[in-house]
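2 protein chains.
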Amino acid sequence: MERVIVDMDEVIADPMNEMIDWYRKEYKQDVDWEKMLVGSWLKGFPDEHQQLILERLLAPGFFRNLPVMPDSVDVLKEMNQRYEVFIVSAATEFPNSLKDKMEWLLEHFPFFTWKQIALCGDKRLVYGDFMIDDHLKNLKYFNGKKYLFTAAHNLTITGYDRINNWKEAAGIFLK
Amino acid sequence: MERVIVDMDEVIADPMNEMIDWYRKEYKQDVDWEKMLVGSWLKGFPDEHQQLILERLLAPGFFRNLPVMPDSVDVLKEMNQRYEVFIVSAATEFPNSLKDKMEWLLEHFPFFTWKQIALCGDKRLVYGDFMIDDHLKNLKYFNGKKYLFTAAHNLTITGYDRINNWKEAAGIFLK
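Line order of the protein sequences matches chains A and B.
So the first sequence is numbered by the working numbering: it starts at 1 and just counts up by one.
So the second sequence is numbered by the working numbering: it starts at 1001 and just counts up by one.
Please keep in mind that the hints were generated in silico from the structure rather than gathered at the bench.
Small disclaimer: the values here were computed from a predicted structure and weren't measured.
We treat Cβ as the ideally placed atom computed from N, Cα and C, and that holds for glycine.
Check the hints yourself; a few may be wrong.
[Unchecked claim] Per label pair, the in silico range of CB-to-CB distance:
#, chain 1, residue 1, chain 2, residue 2, range
1, B, 1110, A, 136, 48 to 54 Å
2, A, 171, B, 1093, 30 to 36 Å
3, B, 1141, A, 58, 30 to 36 Å
4, B, 1017, A, 158, 53 to 59 Å
5, B, 1070, A, 107, 53 to 59 Å
6, B, 1054, A, 65, 58 to 64 Å
7, B, 1110, A, 107, 30 to 36 Å
8, B, 1140, A, 67, 35 to 41 Å
9, A, 164, B, 1140, 35 to 41 Å
10, B, 1140, A, 107, 48 to 54 Å
11, A, 115, B, 1111, 29 to 35 Å
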């Protein structure tokens, strides 16, 4: 079986939109999409609220209640029959997120087991046949086929094959 | 730089002796070392206390206060200068352990960063040049040079090169 390594944030979980929805409600302000293009959606929030946004991101519970990316459950359920799927998240920077991420994943994707999850610091450590990720820093050193999953912060990046949503992923992996 | 993948439990942390010390104090009984030889030190505790031991293992805090294996700090500090060291623990089976393990590691081995830690379910996912581990299930699929780190539960295993303690590790990696 070929191995597919799938990222969590901005790929199957949606922390960006969770944060934006909350911010609009609390502060009646919008984000600056242009500013995200440096490679981080966090940069889209106004300077005076950067600290606040970061604190909310780092707090226990934030990663426990995120929206699921459209169609990711159905497509990954099917992929899980045909491939060896691992969910790999660069999460050790945020120790409070670790348990939240495990619980979130096993709730929404109950067909995965704890054996298929890895919470790491640096994805150079893992190998496989395919990687789906929204960050170049993760794809960069990967030895297999790389797919950049489209996110607000990576829209201007060129030179990578893209997956824009999970319907497209199905077209590639389940055809 | 060559990459060395180092396990946590029974290699740099000592959950077994922590548990045995506590058990002797609380129950005035000893463990059966023979029974551990099936590949798990947990089996050394009497049947009637298996549940109790497992509950203590799974509780928040257990992995936060473990003894450090002798000489592991000094030797890994030096190895960290000469190799790309990753600490990889099969920990996602125990979600309560994740944050504890991160904090424990960064306290006792402050020269490591969060980038060098991975908490996973299945070590087939990782690759490198050397792996030091006390479990065959982890070493089995590894593509590099494997070292079985001696522990009470693996004393009868043959066919692997062993590292019996961190002074021996220094002899191999720092010569």
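Tested hints:
1. B:1110 to A:136: 48 to 54 Å: Check failed, 30 Å falls outside 48 to 54 Å.
2. A:171 to B:1093: 30 to 36 Å: Given a distance of about 34 Å, which is inside 30 to 36 Å, the answer is holds.
3. B:1141 to A:58: 30 to 36 Å: Once the Cβ atoms are compared, 35 Å apart, the range 30 to 36 Å for residue 58 (chain A) and residue 1141 (chain B) holds.
4. B:1017 to A:158: 53 to 59 Å: 55 Å, holds
5. B:1070 to A:107: 53 to 59 Å: Violated, at about 41 Å.
6. B:1054 to A:65: 58 to 64 Å: Since residue 1054 (chain B) and residue 65 (chain A) have Cβ atoms about 29 Å apart, the given range 58 to 64 Å is violated.
7. B:1110 to A:107: 30 to 36 Å: At 35 Å between Cβs, range holds.
8. B:1140 to A:67: 35 to 41 Å: The hinted range 35 to 41 Å holds for residue 1140 (chain B) and residue 67 (chain A), with Cβ atoms some 38 Å apart.
9. A:164 to B:1140: 35 to 41 Å: 38 Å, holds
10. B:1140 to A:107: 48 to 54 Å: 31 Å, violated
11. A:115 to B:1111: 29 to 35 Å: About 30 Å separates the Cβ atoms of residue 115 (chain A) and residue 1111 (chain B), which means 29 to 35 Å holds.
Going through the hint list in order, the structure does not satisfy hints 1, 5, 6, 10.
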